[in-house]
Structure formats: C-alpha cells, structure tokens
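A.B. asks: Residue numbers (my numbering), protein chains in the order written: chain D, 94 to 441; chain X, 94 to 441; chain A, 94 to 441; chain W, 94 to 441.
Read the hints as simulated data drawn from the structure, not as lab findings. Keep in mind it's a predicted model, so treat the numbers as computed, not measured. Heads up, the beta-carbon is just placed ideally off N, CA and C, and yes, glycines get one too. Some hints could be false.
As the list claims (entries may be wrong) - Dumping the calculated SDA-like pairs for lysine to any residue here, alpha-carbon to alpha-carbon at most 20 Å:
#	chain 1	residue 1	chain 2	residue 2
1	A	LYS296	W	LYS254
2	W	LYS296	A	CYS405
3	D	LYS296	X	ASN381
4	A	LYS296	W	ARG403
5	A	LYS254	A	GLU340
6	A	LYS137	A	HIS120
7	W	LYS254	W	GLN347
Stated by the list, open to error - If we take Cβ atoms under 8 Å as the criterion, some of the chain W residues that face chain X in the derived model are:
#	residue
8	GLY191
9	VAL283
10	ARG391
11	ARG393
There are 4 protein chains.
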Amino acid sequence: MQTRIEVGILGATGMVGQHFIRFLQGHPWFDLRWLGASDRSAGKRYRDAMTWHLGVVPDTVSGITVDDCKPGHAPRLLFSAMDASVATEIERAFAQAGHIVVSNSKNHRMEPDVPLLVPEINPDHLKLIPGQQRARGWTGQIVTNPNCSTVGLTMGLGPLKQFGIAKVIVTTMQAISGAGYPGVASMDIVGNVIPFIGGEEEKMQQETQKILGDLRGDHIEPLTARVSAHCNRVGVVDGHTETVSVEFLSKPAQADLRHAFDSFRGVPQERALPSAPPRPVIYMEDANRPQPRKDAERERGMAAFVGRLRPCPALDYKFVVLSHNTVRGAAGAAVLNAELMYSEGMLD
Amino acid sequence: MQTRIEVGILGATGMVGQHFIRFLQGHPWFDLRWLGASDRSAGKRYRDAMTWHLGVVPDTVSGITVDDCKPGHAPRLLFSAMDASVATEIERAFAQAGHIVVSNSKNHRMEPDVPLLVPEINPDHLKLIPGQQRARGWTGQIVTNPNCSTVGLTMGLGPLKQFGIAKVIVTTMQAISGAGYPGVASMDIVGNVIPFIGGEEEKMQQETQKILGDLRGDHIEPLTARVSAHCNRVGVVDGHTETVSVEFLSKPAQADLRHAFDSFRGVPQERALPSAPPRPVIYMEDANRPQPRKDAERERGMAAFVGRLRPCPALDYKFVVLSHNTVRGAAGAAVLNAELMYSEGMLD
Amino acid sequence: MQTRIEVGILGATGMVGQHFIRFLQGHPWFDLRWLGASDRSAGKRYRDAMTWHLGVVPDTVSGITVDDCKPGHAPRLLFSAMDASVATEIERAFAQAGHIVVSNSKNHRMEPDVPLLVPEINPDHLKLIPGQQRARGWTGQIVTNPNCSTVGLTMGLGPLKQFGIAKVIVTTMQAISGAGYPGVASMDIVGNVIPFIGGEEEKMQQETQKILGDLRGDHIEPLTARVSAHCNRVGVVDGHTETVSVEFLSKPAQADLRHAFDSFRGVPQERALPSAPPRPVIYMEDANRPQPRKDAERERGMAAFVGRLRPCPALDYKFVVLSHNTVRGAAGAAVLNAELMYSEGMLD
Amino acid sequence: MQTRIEVGILGATGMVGQHFIRFLQGHPWFDLRWLGASDRSAGKRYRDAMTWHLGVVPDTVSGITVDDCKPGHAPRLLFSAMDASVATEIERAFAQAGHIVVSNSKNHRMEPDVPLLVPEINPDHLKLIPGQQRARGWTGQIVTNPNCSTVGLTMGLGPLKQFGIAKVIVTTMQAISGAGYPGVASMDIVGNVIPFIGGEEEKMQQETQKILGDLRGDHIEPLTARVSAHCNRVGVVDGHTETVSVEFLSKPAQADLRHAFDSFRGVPQERALPSAPPRPVIYMEDANRPQPRKDAERERGMAAFVGRLRPCPALDYKFVVLSHNTVRGAAGAAVLNAELMYSEGMLD
C-alpha cells in the first residue's frame, strides 16, 4: 500500500481551516498531522483553540497541539486557509522555506507566476511553477484556487471555451457560509438580499479571465472575453447560484453547448483523482434546477450543476450554474489541486 | 369637497384582491363599494368568503356582500385582480358593458390596443383607448399595469431611455408574496433559491419593450432594445431586487445616468396624484443598498430604489433596482393608473 | 450470506414514501421491490408517478411499476406511508391478508392491541401482536411508530422513566419537512412562527403515555403522568427541537438524570440492529446545543440529542431534546421497528 | 398648546438607541434634542457617528452633535439605551446629578428601590421613587422597563393575577432583533433554532416575580409564583412568541380567564397616554394566531397578542402570547413609562 503524505493547514482555526479539516477526513493520500494558527492559538490543543462550527470536532485533530505559522515543524505540503490580512507574507515565507503551499487565499491568485487552478480546466497552468521558483528563488511554491464565486462560473464556461467566449454577464446569489464566522449579521440577511459583496465582482472578473486564459511560454494570456459580475448575498446556507449570459465568437447551436456540458471531462476524471467528481459538470433537465439547498451537496459538493440552457435575447445563450462554495469553492478545490500536483509527480 | 368615485374589485377574494382592498383604504378619490368574485363566494359576506392574509380585514369591506363577476350592479370603475385563467372573458364582458377595467391581470397586457402603463413613463399610451373602443365596439375599456417584475425594471430604465437603450440583461431575485397564496411551498424556498418562474422571463422581456415603446398614431412601436431576463425566486417576503446591465446607443457618462435618475419626474408627480411618490426613482448612495427587507416598504411601496450604478465591463453600465412587488408591482400600480386616468378626465 | 427480505411501501409516491425509499437504499436486510400507491399512479413507472423531492430518484426504484394498494402482488413485509385519510382500511386489508404492516400512519397507533413502538423504550409492546391477531382474526399484523414530535420527547423521557414521571410540559419548534409537500405555505413561515399544528398536541400527549406505559398481560397500562404539549412550526427544514420540563415522583439528583441519559441503551443497541445508533440519546455539553440545522443529521438522523439539563423552578428539571423528524420521526423509526421484529424472529 | 418636554438618549448610537429615536419621531409630548454616546462618538454629527439600521436616519436627529455621556448639557429627562457593560455607573451619575433616567438597561432593574414597570400592571411601583431618592441622596431617579421577553409574559399574566398565580412555565421563540447589531450570526440562525440566550431565563424568572409583586410600604413583595423559562432564538426579525402554562391558586373557569384578557385596561388606557394601545391585551380567535410576522407590528407594536387559551393537562391553563421586542419590549416600553410619570406629575 501506498505511503500517505503528511499535510498541514495554515490558518487552521478559522472557518476555512475547519472546512479543510472536515474535507480531509479519511483522505486516501493526505494525512493531516499539523495545524498552524496565530500566536494566540499556538501551543493550545486544537479543541481549545477555536470554536468549531461544523458539527463535532473530528477526533483525529482534536488533540493536536496548534503550532504557529512559521516554517520549522510543518510538513512539506500545506493547505493555506490564511486570512487575507496576513496570507501574503506567511505563504511566501513557507514557499521560501521549501514548502508546497496550496492556498485558498486570494492574496497571490493574480500574480503572473502563480497558477490559479481549476484542475478540469487549466491543469497546464501548473507549468508556471518552475518560473515561479526561479524568479523568486524559492525551493517551495504557491499554487492557488479561485474565489468561491469564480469556481462555478469557470466550471460552467470551461466546456464552452472552445466556441470562443466574447462576453459574459453573471449575477450571483451567494450563500452566507462564504462569509466566514460570524460573517453576515442575521439582521442583514434574514428575509433579505444584500446586493453587494466587497471586492467580489472584481475577483470574479479577473480570475475568470486568468483561469480561462492560455499558457503562452512562461505566462498566462488572459481570456480576452469581457466579463461583468453582479454579486449578491442571499439567505442560503451553502451553494452559490449564478445566472449567466454568454456571447460567443462562433455561433454554436444550443445542442453544441449542451453536448459540451455533458461530455466535459478533465484530467482529474481521467486520472480518477480521489476528490474528482465523475462528471465535473452535471446538466439538470428540470426547468427549476439546480437549486442550492437541494443540489449543492450532491457529488460530495465537488461538481458544478448547470441548468436552463436557452437562447439569450441580448447575448447568445444563457444558463444557471450552481456550485458548493465551501467545498468546490474552497477546501475541496485546494485538495483537488494538490491531488493533481501529486498525479503530476510534483509532490515527490 | 370633491365627490368620491365608487369603485369595485373583480377577483376580490384572492391575494391580489386583498392587496387592492388594503391599498384603497382611506383613498381620497376612490370609494370601494363593490367586491366581485367567483360563484362560490357570491352571496356571502366578504369576511366569510375568503381567508384574509394581510393582518386584519378592514371593517369597511368586512360586511360587504360579494357579488358575482357579471356586469349588472358593479360601479363603472373596476380594478381587476382576476386570475389569469378567467380574466380574458370577464374583463372583456365588463368593458363591453361600459365599465372602465383597470387590470392587474396579464391577459390583455400585450394586445396592441390595450395600454400597458407605468404612469411616470408612458402616460401617452392612454391614447390607445379611443381606438380600442372603436375597434371592439366597447363603451368601456381595459387598461393594464405590468407584471410585478417588469415594473422595477422599467422604472429603472425609464429615466435612461433618452440615451438610447440597445441591450438589457436583468436578473431578478423575486419575493414569495408575488406568487399568491398558498403560492410557493416552504420546502422549496426556505434557505433556497429557485432559478425559474414560469412565463416570467417572457413577460418581462415583452412588456418592457412595449412600455418603453413609442406611440405612433394608433399603435405602440416597441422599443427595439434586446431585453433578456433571468428570473429567480428567493426567500424574501416583499420586494423584487434586480441586477441590470445596459448597453446604450449613445455613450452617456455615468454622471448623466445618475442625473437622469435623480431628476426623473413624471405626470403623476407633476399632478401630485394621491398615490404618486414624490420621487419615482430614489438613488441610494450606500454601496449595499437597496435591500428588499429594509427599503421596499419606504415611500408607501410606490417608488423604485436604485443603487450601485457603475460601468459594466460587458455592456456599458450596470445597477441594482428594487421595487415593492405587491404595491408598485400590483395594486398600487393599478390605482395609480386610475388616478392618472382621472386626472386626464377619462373617468368623468 | 443472509437472504435479503423483500419489502414494499404502501403510499410510495408521497413525501413519507419518498423518505422510506431513501432510507432503505443499501439496507443490509431489506430489499425494496414493491411500491404501492393510489389508482391514479398504479401502472406507471415510479419515476413518472410522482414528483421527487429528495434530490435524485434512486435508480433502484425509478423503473419499478407502481401497483395499487390492494393485497395480491405485494411482499409480506410492508412499510406504510399511507395518508391518514385512507390508511385505516388499506392497512387493515393488508393485515387481514397476512401482511406485516409496519406503519408510520397515525390511524392505528392508539388502538389498544396495536404496538406503538420506540424500540429502545418499549420493545416488549410487541407482545400485543398475538392478541391483535387473535381478536381480529388476522394472519398479518399492524405495528406502528409514533408521530414525529412524539419520538424526540419519548426518547428524552425514556431514560428518566425509572425516576417516576409525574408531569411533563413540552413546547415544540417543528420543522417544515414534517408537513409534507406542498405542506406549509412559504408566506406563512418565512420569518415567522405558527403557534399551532392541528391535532399535534393531542397526539403527543396520548402517544407519550402509551409508549411509556407498561405491558400488563395483554394490554398497555398508560403512563399516569400528566403530559401537556405546545406545538409550533418554525422555519427550519429538518429537525424538531423541544423544550421539556418534568416533575418526578422520586426526587432524583441532576447527576442521576445525566447518568441516565449517558448510559441509556436499548435492545436495538444490544443487538446492533442496522439502523440503530450506537447511543440512542446523546447529551451535548455546549450551552447552546442541540440545534436542528447543525445536529439533526448526525448519527444518520437516528439519535435524539439532549442538552441544557438543569433544575426547573416550576417542576423539577428541564432540558432540550432534538430529533430528526423525517428519519427517526418517520421512515427510520418504522425501519428500526421492522429490524427489531426481525431480530425477534417475527419475520420468519 | 402644551409645552413639549426636552428629552435625550443615553447610548444613542447603538441599536436600542436607534429604536428610541425612531419611536420618538413625532411624539406629542417629548422633544428629542440631545444624544449621548461614548467618547468615540462624542463631537461628531449623529449621522457620522453610527451606522443606521432602521431605514433612513430621521432628519430631526441627523445633524445633532453627539455629546458624551456625562451630566452637563443633557436635558432633565433621559432615556437610557446604554449597554449593560457601562450602564450602572453612567445611569447613577445622571440620577445623582438630578436627571430622570428612564432606562431600558438591565443593570438596575432588580434593585429593591428601583421601579421595574409595566404601566398597565404595576404603575404603583413608582412609589418606590421617594425612598430611592432618600436612600441614595439623589435629586434625580432611575426607573426601568423589563427585558424584551419579560414584557409579553407579564402582559399575558397581568390580567390573570387576580386568580392567584402559583406556577408558570414559559418557552420563548425570540426574534433576532433583540440581540442588537451585528448580534446573532446568520450562520447560527438561518434555518435553525438556538435553544439558549445567555442570562435571559434568569431575567424572565426574576423580573416577572417583581413586576407582578405587590408594593408593601417601601418595598416590593415579589409574586410567590414559581416561574420557569426556556428561552430560544428563532429566525424571526421582530416579535417574541411565547407559549405559557399556568397553575392557579384559585380554580378559575376558562371563560373567566378569557374575560380577564378582554376586559383588561390599565392606567395608560384610562389616561389615554400617547403611546398606550387602546387595549393592552388583544385576544385573537384564530387557532393559529398570534404570529410574529403578521401581528407584532399591529397597534404600533405596543399591545400584547394572546391566543389559544385552553386547558393544560399538566398545570391548569395554557396560551400563546406575542409582543414586539424592540417596541413594547424596549423603546416603546420606556417611553410609555415616561408618559406614565408625566401623567403622575413626576416630570413637573
């Protein structure tokens, strides 16, 4: 039997860190052994260092003594759930010290030599790593996954890239779990919609262009499509629902798009990576699906659910896409990135 | 003191009928005296003919004996809250019999000789009436107001029509009160989003073009803009929130649009109609407004609230608009229509 | 390997029927082969006979041709999810015809010769069966499980019965999934509480006395405790939360009660029945637990979660209990009943 | 015309302070002129000193310069919305300096010489004031209103006090607005119930005994009834719903209780105080009422709504009571206290 790889989590006490812990339970390759957090938590047992928000603290981590987020005792492979206010320096310090930092934080996503991965769509962007290491003098590396609202959009658009994407207008209806804890005040969201999420629209617009962009030598040529996002918070616990209108350079038939969704498979599926859903994009026939409370948890939260593909009177076609924001949009995305890297021999 | 005008309601026992009753309480011009409903209710006292959903049945209607929906005893001016399954024939019969039918039903909205009014935007569409009466041989008439989701969109677009609207993409997040009673099952909407409302997108697209269209002689030339709607239901009680992206034929500056919102006034404001809000479109400065639970009830539910005007990377500009779906999107809309007609001398 | 037992469902197209189907997926003993429903559905494939509300219809039942609810082709062991309006006659007809009817319906629960089971608490009530068969001339039999709100209460009280229960006052905050589909209108429950559920309080009061009652020869002597229920509906999807105050005949110390909760095990645990939770009652230490959205799904929805045990200034002690209304309160309860019967040799 | 009385608010920037400001808009007697807050806010215009959560900041206060919470420039009559962490000292300092402090804070409620008022129930408790002033050497005074969950209970029990209350068991389902801002995290309450509110049960139990107690010379003899509270938070915006079981010393008929609710009037009604509802307790006949979203706002939020009076199998009778937690349970309660004091000549 295969040797399991020791892994750790940077920022293990926050909500995203907790999602990492939950998602890694029982992982066949990765063995969670190390938990890093702020000085305030360091030295405490994990169970005493945080308030757990996801049911019951798993026994496997409950008694681990939290370390501080400085290189030293951590395993080589680290998942980063660092808060944006501190992630820049800490992730760099670990990469500098030889660690493979697979990060969910936004801080390094848009740097030209940092892969921003959706493994089904742009696995070749991992080829930025040698340049990253060379330019920065790192023995380690930083690899990132997209913002939770970007993941669903790019998984919906990925299969359609072949038709030449010219314009995209997306409106999100985002779950509260994406905002951490305590996050959104109940007085703001019960029976309400908040039509604004700070910085979210810019992230969706830029990240989508990078993810759907093409590797040209040692850099990414962003997709030239014009992408516009309207981001909203709604009173849903898990699952971001997005309405999407797209204009294409070619003029594909609706059946072509539908076929593209149905037949879409990527490297994670070919290699049957442990966290890869059998089909990354699942088209739902019912007129009123996908729906976050009913569908987001399916396929272990790792697929994107698409529905309502139809002509758009203003652009060419429109559809709905749903993905699980704390799984495929955070912890699960990073773990799938690491699985892809493992399958590439990059963790050897 | 002015003589008050007797009015009645067709379809008085349903949810929309109840909203009419509530909205007409204390109206300075219109005196609600007659309530029509199906044979099942006719002959009963109103309080025994329905289950009231809006607090407490007003005393002024509680004891009225419900009539059936046949011309005979009804006053000349009637507000129609008829269900779409029966509105076509019944509204026609009343118009034939000389009644002025101010309808919230969808049935006649898209007929070429029926005004589909937003009084601030297209009051001149009332000039279709003589042709309607002539062509149909009616002494009465039918005038309609838009679907609840169309109202907010057209009030947001009305001030911008001057810049030449080429394309519109709108995503709605609609309240449950728009679906009547029992309407949406709680199992479908608690903590959920339903990305589909049957027939709603087509209504929004077509009605918007008609309302923003121009009267040419005896017919309406629809706005040539391409309009695309994505309609969603969310767990909000009252108030439809809509994100809107617009492409213009001219290239206005953002400040021009903002000025257009702020300075927008229509005939209802000029004539200070009783149900007209002082400003039909209210721009909110806060980045996270408007919000349905906090704003929809303001201005007695008769204004549209706009916010977040900003450039759209895919079209030209984008913004958020909110309106109260059962007030400005239903009962209040019809009453304002009747007030406009009164101010035109059409009720004399 | 053991032979699996063929089972069927009476009332398979409704919400409770769907919960049975989902709960029986992958069951080690019971093999779901037969689905019965009304004449309207009979003859159709299952997938065409209903609207599925629980994610995706399992492949194992999707293609089964629905039968009508008359004895003939059904397997001997049947789970009944019949609507109360028809359950009385249909369940009797099947019992008459030799079927073992394990019913979730309320109709026969309070009949003196019908066991109303919570397998951890009153497994000996199965001894009513011979008398039932004799008196009614049946070769089959009817066994029932409690109402969804009764289950949590009795599982909370069961461990405490030894201290002599004199009075119980319970207030429920019940999930909407307990009301079926379409069930509760969203306009009635979004951001609201409904302080009334028709017939629920009477059921809780009577069923609790029967379940906690003692088998005396061939009948059940109900618990003499006075039980009072206040039943409310809240905007929760799954999980009934109940606050309970209890007066005891003896005067146990708080530690005695706590020990009773912690050490409570029943026949299902001793025999490791497939659907039995390892611990039927789980006491949670955190001051603000149990909570329905966070805890109801744990232990596959089969345990009762208790918290906040403390003195009651008016009676003796008070606590909170939570249980999953569609699992332990419906389908899971009936399946556990059948497992208990199997382990008793009653299905041979 | 009567001279209006200048009033101020201690703690004007928090949620309770905002509720005071809103409730005092257009008050016929009290003229809001002064706003006090922490040093952090002092010196700023009110609109710049806080984030307003209740629609739009009223013009009448928007431009007022916030003062710090030290005696000096404040008017004689002050409403206190101070946070409990600072209210003790600050309220004392103002009372010492001659101010009449009508406080919503919990800090002084249970002190023996401080009136804890529900004006319809125990207006005579104001007679504690001379003793309070004498004992403490104050020229001013402190008067308090109950906790938001206590108000509904005591208004429901007040009319029944005549029958001799022996035991009370109450379960609350409390709105999120009672927790201030940001208050309850949305992740904790969307689709959930939290069966715990820190300190709430103790407050309800003790305050109820004091309010329903009798003035004996210079002190209050608490009601000897044993009161037990179970406090829960639910996803409701405004309005606390409470289920109540009561045991009486006498054995009144159900009709006696009903008559007591219907005929209940107090000093505020007799004197037609501006904020007094015509009937303080409104009994609702419908089996499923009162409900918070549908009823709490009625009567300007100042009445208690009672329903479902019926026998309790464990105690004697049970019923449901609803009251508006931020109006009758906070700002409105304090203003009604001040109106009572005015009508007693205590503000001269």
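A.B. asks: Evaluate each hint against the coordinates.
C.D. replies: Hint-by-hint comparison with the structure:
no.	hint	verdict
1	LYS296/A <-> LYS254/W	violated, 31 Å
2	LYS296/W <-> CYS405/A	holds, 14 Å
3	LYS296/D <-> ASN381/X	holds, 17 Å
4	LYS296/A <-> ARG403/W	holds, 16 Å
5	LYS254/A <-> GLU340/A	holds, 11 Å
6	LYS137/A <-> HIS120/A	violated, 25 Å
7	LYS254/W <-> GLN347/W	holds, 14 Å
8	GLY191	violated, 39 Å
9	VAL283	holds, 6 Å
10	ARG391	holds, 6 Å
11	ARG393	violated, 13 Å
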